[in-house]
Amino acid sequence: MTSLPISAIVLCSGLGLILIGLWGMLTQRNLIRMIIGFSLLDTGIHMVMVSIGYVTGGTAPIIDAAVPAAEAASRVVDPLPSALVLTAIVIGLGVTAVMLAFAVRIYQEKKTLNIDECTESKW
Amino acid sequence: MIKRIVIALVLIMLAVMFLDLAANYRENTSLSPLGRYYAEQGPAELGAANLVTAVVVTYRGLDTLGEVTVLFISAAGVGLMLRRERKKGGDNGENGDARMRVHKPASEIVETATELLLPMVILFGIYVFLNGHLSPGGGFQGGAIIASGTMFLLLALPESHISRMLISIMESLSGFSYVVVGVLGVILAGGFLDNRIMGLGTFGSLFSAGAIPIIYVFVGIKVGFELSAVLDRFREDTDLT
Chain A
9 MTSLPISAIV LCSGLGLILI GLWGMLTQRN LIRMIIGFSL LDTGIHMVMV
59 SIGYVTGGTA PIIDAAVPAA EAASRVVDPL PSALVLTAIV IGLGVTAVML
109 AFAVRIYQEK KTLNIDECTE SKW
Chain B
28 MIKRIVIALV LIMLAVMFLD LAANYRENTS LSPLGRYYAE QGPAELGAAN
78 LVTAVVVTYR GLDTLGEVTV LFISAAGVGL MLRRERKKGG DNGENGDARM
128 RVHKPASEIV ETATELLLPM VILFGIYVFL NGHLSPGGGF QGGAIIASGT
178 MFLLLALPES HISRMLISIM ESLSGFSYVV VGVLGVILAG GFLDNRIMGL
228 GTFGSLFSAG AIPIIYVFVG IKVGFELSAV LDRFREDTDL T
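For the protein sequence lines, the chains are A and B, in the order given.
For what it's worth, the numbering used here labels the leading residue of the first sequence as 9, then goes sequentially.
For what it's worth, the numbering used here labels the leading residue of the second sequence as 28, then goes sequentially.
Hints in this document: simulated from the structure, not taken from any laboratory.
Be aware that a few hints might be false.
[As the list claims (entries may be wrong)] Just some of the chain B residues that point at chain A, by a computed CB distance under 7 Å:
| id | residue |
| --- | --- |
| 1 | A42 |
| 2 | Y52 |
| 3 | T56 |
| 4 | R63 |
| 5 | L78 |
| 6 | V82 |
| 7 | G104 |
| 8 | F179 |
| 9 | T229 |
[What the hints assert, rightly or not] Each computed SDA-like pair below joins lysine to any residue, with the alpha-carbon atoms no more than 25 Å apart:
| id | chain 1 | residue 1 | chain 2 | residue 2 |
| --- | --- | --- | --- | --- |
| 10 | A | K119 | B | G104 |
| 11 | A | K118 | B | L258 |
| 12 | A | K130 | A | G45 |
| 13 | B | K30 | A | I40 |
| 14 | A | K119 | B | P185 |
| 15 | A | K119 | A | V93 |
| 16 | B | K131 | A | R113 |
| 17 | A | K130 | A | L34 |
| 18 | B | K30 | A | L49 |
| 19 | A | K118 | B | F219 |
| 20 | A | K118 | B | T139 |
| 21 | B | K30 | A | A16 |
| 22 | A | K119 | B | L157 |
| 23 | B | K30 | A | C126 |
| 24 | B | K30 | A | L121 |
| 25 | A | K119 | B | G106 |
| 26 | A | K118 | A | L94 |
[Said to hold, decoys possible] Covered stretches of chain B, going by a simulated chain A footprint (3 or more residues, C-beta under 8 Å):
| id | segment |
| --- | --- |
| 27 | 34-40 |
| 28 | 93-100 |
| 29 | 158-168 |
| 30 | 211-219 |
Since the model is a prediction, treat every value here as computed from it, not as a measurement.
Glycine is no exception: its CB is placed at the ideal position from the N, C-alpha and C atoms.
Produce the complete structure using the sequences and hints provided.
Dropping the structure here:
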């Protein structure tokens, strides 16, 4: 019996999170729940990216006593997806902050978080 | 009803695509050529023990500058949307005081714990961004830890005042210094944001990897103040409603 590789588990959970997040964004009518859906989608994408960079048996790409520089190329995971995910996390944080600020403003104006009440720009 | 069917259809189609992706997934057994280059040449070229930091700060340094800019713009956007409104002239007089009293004071446990923990949280944040080139961590993570310290402060002492002037001065100064270090790379070394403007030092020690720790200190200060400003904006808004 072949055991499931660890990165496949991360990949599948990430893809599942993307679907759950998208479902939440499309079906929920409460602004906060839609923002939570976005965060789930975001996290799912990060997990997929990290799992793609995994190398079988690899360890964190940090050179120290445990991973000498000479062996680095054969023992570490790909540092590039990790670096890209670091960027993506920060940008996701910025987008979430702006979305929450919008939600606060909408609540101040309409005293409700229901998206169905916001009909001005609906077509 | 049509809407629900469309949503279900979209999700099912996406799920089928993902299923295909997951079914054909094979774990890598070796690094990609680019990852191999970073792993083999990175330590010798840049002197950074943490390869992710070398990629983030130097090899793809322009990305990080853009990332810092995105964070700055989103902080500015939050500030713009949640600015304090003064509709009526003397609104922040008696009414302001009445609103401030709506805040339920934090319990003594929370206040004491915050006073005890806040210096340690901030110190830990500084440690994380100073050691970004040696251990997991870096400017963004350290900045986020410092902002969590601010969050503590806002929870325990909701009336505490955070100087907006200080925040904007520190933020502008650190962002400007980051760009100055990048331009120094053009003059003294190979190109924009090159970290070899000074000696690489002993591999694995605190003062090594050229300009990487300096850049991460500026990024850490900038991110810490920016996120604190965002949290402060959300706090002030509760006074209004």
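**Prompt:** Which numbered hints are broken by the structure, listed smallest first?
**Reply:** Numbers 8, 9, 15, 19, 20, 21, 22, 26, 30, in rising order.
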